[in-house]
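Sequences and hints are given; from them, build the entire structure.
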Amino acid sequence: MSDFYGQLERQLVDAGRRRATHGRWRLALAGRGRPLLAVAMALLALVMAVAAAPHLRSDPSPGPAGSGASPAPPVTSPPPPAAGTPSLRGMRVAVLNGTTRSGAARAVAEVLEARGATIGSIGNAADQARAQTAVVYRPGAEAQARRVAAVLGVRDVRPRTRVEVVVAPEAAVVVHVGSDRRGP
Amino acid sequence: MDPAGGERSDEELLAAARDEPEAFAMFYRRHVRALSAYFWRRSRHAETTADLTAETFAAALDGCARFDPARGPAIGWLYGIAHRQLGTLARRGAVEQRARRRLGMARLALDDIELERIEADAVREGPQSRVLEELAGLPAEQRAAVEARVLHELDYAQIALAAGASEVVVRKRVSRGLAALRGRLGREQG
Numbered sequence: 001m002s003d004f005y006g007q008l009e010r011q012l013v014d015a016g017r018r019r020a021t022h023g024r025w026r027l028a029l030a031g032r033g034r035p036l037l038a039v040a041m042a043l044l045a046l047v048m049a050v051a052a053a054p055h056l057r058s059d060p061s062p063g064p065a066g067s068g069a070s071p072a073p074p075v076t077s078p079p080p081p082a083a084g085t086p087s088l089r090g091m092r093v094a095v096l097n098g099t100t101r102s103g104a105a106r107a108v109a110e111v112l113e114a115r116g117a118t119i120g121s122i123g124n125a126a127d128q129a130r131a132q133t134a135v136v137y138r139p140g141a142e143a144q145a146r147r148v149a150a151v152l153g154v155r156d157v158r159p160r161t162r163v164e165v166v167v168a169p170e171a172a173v174v175v176h177v178g179s180d181r182r183g184p
Numbered sequence: 001m002d003p004a005g006g007e008r009s010d011e012e013l014l015a016a017a018r019d020e021p022e023a024f025a026m027f028y029r030r031h032v033r034a035l036s037a038y039f040w041r042r043s044r045h046a047e048t049t050a051d052l053t054a055e056t057f058a059a060a061l062d063g064c065a066r067f068d069p070a071r072g073p074a075i076g077w078l079y080g081i082a083h084r085q086l087g088t089l090a091r092r093g094a095v096e097q098r099a100r101r102r103l104g105m106a107r108l109a110l111d112d113i114e115l116e117r118i119e120a121d122a123v124r125e126g127p128q129s130r131v132l133e134e135l136a137g138l139p140a141e142q143r144a145a146v147e148a149r150v151l152h153e154l155d156y157a158q159i160a161l162a163a164g165a166s167e168v169v170v171r172k173r174v175s176r177g178l179a180a181l182r183g184r185l186g187r188e189q190g
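Protein sequences appear in the order of chains A and B.
Counted the way the numbering used here counts, the first sequence spans residues 1 to 184.
Counted the way the numbering used here counts, the second sequence spans residues 1 to 190.
FYI, nobody ran anything at the bench for these hints, they're computed from the structure.
All C-beta atoms in this analysis are idealised placements derived from N, C-alpha and C, irrespective of residue type, glycine included.
Please note that a few of the clues may not be correct.
[Unchecked claim] With the Cβ distance kept under 8 Å, some of the chain A side facing chain B (calculated, not the full set):
#, residue
1, F4
2, G123
3, R160
So this is what it looks like as structure tokens:
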């Protein structure tokens, strides 16, 4: 399930994609306004249907299509919502992709979001050749970081460095996604 | 995605946003919470806050080709749009929907839990976003120096290196910027 900020972000990304596509068509087929509009509308409806699909499911696990038309396949299967798995409600977490695989950070963010975490920034880490996923925390947030690590099954938990201070100043906890989170 | 995406400036992200929806998403993620808090403080109403936030970012996406970095920082441009949205709301008693319609974005229906969450987020974000708003109004060099020093906790030598200015100059920018911020924040509370 997604919050307002996540839903709005997906709407904006979808709208941006539609517009980028529409713009290219307009260049290619200049002068044919009306039929083009119809085609664009049909495409729009299709994209919206695809984007809306995961929200219609009652399955609480974050599904593969969370980022709309993202080309990345699902790479992280969420852990089953077993009893005893810590809730992350009220926690601000940033997720940085330390791999070159697009969508890896978002997949992890969706797992954390499903546990109640508020996702701050999602982006690319400066180091994109990270092997092992790590959870780093700002001073005082070690307990929170351990809960995040438990949800993700990550062992590497450590205090943040200046890099995280600059990249994700607002987050108590930052997850650096490594290539060990390659999905099934 | 650009490998250096996380480090691109707001201005670079907006310039890339026309062809790269993910760049706009990154700009959005950087600013959406503070902007929501800004709207919440003015409307004290979560649904209006969500509506204004959505329309402002839709208008920003729709108009990003018109953003001109020579005329000021991107965050100032964003809050300029936000300010106009508030003006429309005050005049008509309803939040503008034009940009969302043009982009084919449906108005998001939010349940009570989500509205409460928006409000709680805005309250938490409050003091910081006040500062960010005022920060946006500073001259570009002062703003960059204050951001680097206060938000990103960099030391003066690093900032000086990045800005291509001497440490003395950077210190002066930070102290002037902070003095201006104190003045603005104090003025509104008084």
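Structure-based check of each hint:
The criterion of a C-beta within 8 Å of any C-beta in chain B is met by F4/A, whose closest approach is roughly 5 Å, and the hint holds. Of the supplied interface hints, the one on G123/A holds, with its beta-carbon coming within about 4 Å of a beta-carbon of chain B, less than 8 Å. Because the closest C-beta pair between R160/A and chain B is about 11 Å apart, greater than 8 Å, the hint is violated.
Violated hint: 3 only; the structure is consistent with all others.
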